[in-house]
Amino acid sequence: MIENILLIGFMGSGKSTIGKQLSKYLNRNFIDMDEEIEKTENTSITSIFNEYGEEYFRKIETKYLESLLDKNEAIISTGGGIVLKDYNRQLLKKIGKVIFLHADVNHIVENVKDDTKRPLLQTENYVKTISELLESREDKYLSSADIIIQTSGKDVDSIVEEIISLL
Numbered sequence: 452m453i454e455n456i457l458l459i460g461f462m463g464s465g466k467s468t469i470g471k472q473l474s475k476y477l478n479r480n481f482i483d484m485d486e487e488i489e490k491t492e493n494t495s496i497t498s499i500f501n502e503y504g505e506e507y508f509r510k511i512e513t514k515y516l517e518s519l520l521d522k523n524e525a526i527i528s529t530g531g532g533i534v535l536k537d538y539n540r541q542l543l544k545k546i547g548k549v550i551f552l553h554a555d556v557n558h559i560v561e562n563v564k565d566d567t568k569r570p571l572l573q574t575e576n577y578v579k580t581i582s583e584l585l586e587s588r589e590d591k592y593l594s595s596a597d598i599i600i601q602t603s604g605k606d607v608d609s610i611v612e613e614i615i616s617l618l
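Numbering (our numbering), first residue to last: 452 to 618.
You may find that some hints are simply not true.
[Claimed, not checked] Taking lysine-lysine pairs in the DSS-like style, the calculated list, with each CA pair at most 25 Å apart, reads:
1) 568 x 544
2) 536 x 475
3) 490 x 605
4) 514 x 605
5) 579 x 544
6) 536 x 522
7) 510 x 475
8) 605 x 591
9) 591 x 522
10) 564 x 522
11) 548 x 564
12) 579 x 514
13) 564 x 544
These are computed hints drawn from the structure, not numbers from a lab.
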């Protein structure tokens, strides 16, 4: 059995973009958890957050993650908050090799500044929100990761090549 590859990291760190490219390079299925959850729930993640709250979304996210236990050979892009629950961090390890795409605040801000679909950024000072959330999650990302890749200042192809060289 060939292991799944799970990409974790903060929103805007490149999980979806890098995941799609990595799946092409390795000729594997690509699963974007956020997109799959939106399809299953028939609504946007922003709507789920607005109507039912973050806790409800996190339950759906965990349920979807559990469904991936029987997947093989997939590249899986997770949501930025997947590491918040201990149980999810344990699931990640069971599902496959976990790669933390580490980006600095400036890189993240650049990637998400015009994105209105991110519920956690609907604040007055989203740069401060990003900094605080990133800092609060850093240890969880690091403890979950089998491989850590710094993405700031790198193009997608060089990141994908770095991942492949470390697998």
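Against the structure, the hints:
1. 568 x 544: Violated - the C-alpha atoms of residue 544 and residue 568 are around 29 Å apart, more than 25 Å.
2. 536 x 475: Roughly 30 Å separates the two Cα atoms, so the pair is violated.
3. 490 x 605: Judged against 25 Å, a Cα distance of about 31 Å means the pair is violated.
4. 514 x 605: violated (33 Å)
5. 579 x 544: violated (31 Å)
6. 536 x 522: Answer holds: residue 536 to residue 522 is near 21 Å, not above 25 Å.
7. 510 x 475: The given pair, whose Cα atoms are some 30 Å apart, is violated under the 25 Å limit.
8. 605 x 591: holds (23 Å)
9. 591 x 522: OK: residue 591 and residue 522 at ~24 Å, within 25 Å.
10. 564 x 522: Violated. Residue 564 to residue 522 sits at ~34 Å, over the 25 Å cutoff.
11. 548 x 564: violated (30 Å)
12. 579 x 514: Since the Cα atoms of residue 579 and residue 514 sit roughly 30 Å apart, the hinted pair is violated (cutoff 25 Å).
13. 564 x 544: Not OK: residue 564 and residue 544 at ~31 Å, beyond 25 Å, violated.
The structure does not agree with the numbered hints 1, 2, 3, 4, 5, 7, 10, 11, 12 and 13 stated previously, though it agrees with the rest.
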